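Enquirer: Sequence:
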Amino acid sequence: MVRSGFGSVLALVFGLSGWSSIASAETPSEWVKLGARVHGGYGAFIPLGIRIGLDATAKLKAAPRSLIVTYYDNPKSPCACFADGVAIATTSSFGQRSIILAGEKAPDDKAAIMVIRPRSGGAGLKYAIPMSVLPRLSNMNSSMNELQRHEAVMKDPDLFQVEPAP
Numbered sequence: 005m006v007r008s009g010f011g012s013v014l015a016l017v018f019g020l021s022g023w024s025s026i027a028s029a030e031t032p033s034e035w036v037k038l039g040a041r042v043h044g045g046y047g048a049f050i051p052l053g054i055r056i057g058l059d060a061t062a063k064l065k066a067a068p069r070s071l072i073v074t075y076y077d078n079p080k081s082p083c084a085c086f087a088d089g090v091a092i093a094t095t096s097s098f099g100q101r102s103i104i105l106a107g108e109k110a111p112d113d114k115a116a117i118m119v120i121r122p123r124s125g126g127a128g129l130k131y132a133i134p135m136s137v138l139p140r141l142s143n144m145n146s147s148m149n150e151l152q153r154h155e156a157v158m159k160d161p162d163l164f165q166v167e168p169a170p
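The opening position of the sequence shown corresponds to residue 5 in the numbering used here, with each subsequent residue numbered one higher.
Hints in this document: simulated from the structure, not taken from any laboratory. For clarity, every value in this text was computed on a predicted model and none was experimentally measured. It is possible that part of the hints are untrue.
Per label pair, the in silico range of CB-to-CB distance [what the hints assert, rightly or not]:
{"hint": "1", "residue 1": "97", "residue 2": "143", "range": "28 to 34 Å"}
{"hint": "2", "residue 1": "149", "residue 2": "123", "range": "32 to 38 Å"}
{"hint": "3", "residue 1": "68", "residue 2": "149", "range": "28 to 34 Å"}
Just so it is clear, CB atoms sit at the ideal spot from N, CA and C, and this is done for glycine as well.
Model the full structure from these sequences, guided by the hints.
Expert: Below you can see the structure in the form of structure tokens.
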């Protein structure tokens with residue numbers, strides 16, 4: 005696993021690793037530091053967004069800055085922090101116009117929906133976070149430190165659903 009900046013550069017130069025390998029090479033502590041720095045804190049919604057972004061990056065075999073994320077928010081969700089986690093993991097941003105906040109809202113039973121596609125077009129993936137997982141995430145926030153939250157979210161198999169994007 006490549007962990008150093010120099011090692012990451014060598015892997016890119018020599019083609020020894022794809023972007024998903026480099027992104028997943030961040031240690032849990034590094035993800036926590038990065039997420040807290042970018043977002044201002046590291047509640048359980050951030051690592052869930054990171055997990056979704058890493059999943060999409062790997063499944064779509066995406067290079068840095070090659071994905072577009074359309075984020076559907078639900079006003080009944082306490083926040084849209086998932087979007088910051090996805091941005092961190094996919095290297096997408098509003099400034100690059102590679103994250104789009106949809107005018108249409110997520111359905112009532114979803115805390116958020118993210119459609120992630122290659123910028124160049126082609127098949128994408130639709131990720132849905134059910135409202136039913138919010139109490140579990142809230143419990144992680146109140147009972148765990150940042151690193152424990154990260155680990156718990158990365159291991160929980162039932163926090164989101166994924167399907168091919170229509």
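Enquirer: Any of the earlier hints contradicted here, and which numbers?
Expert: No hint contradicted; all consistent.
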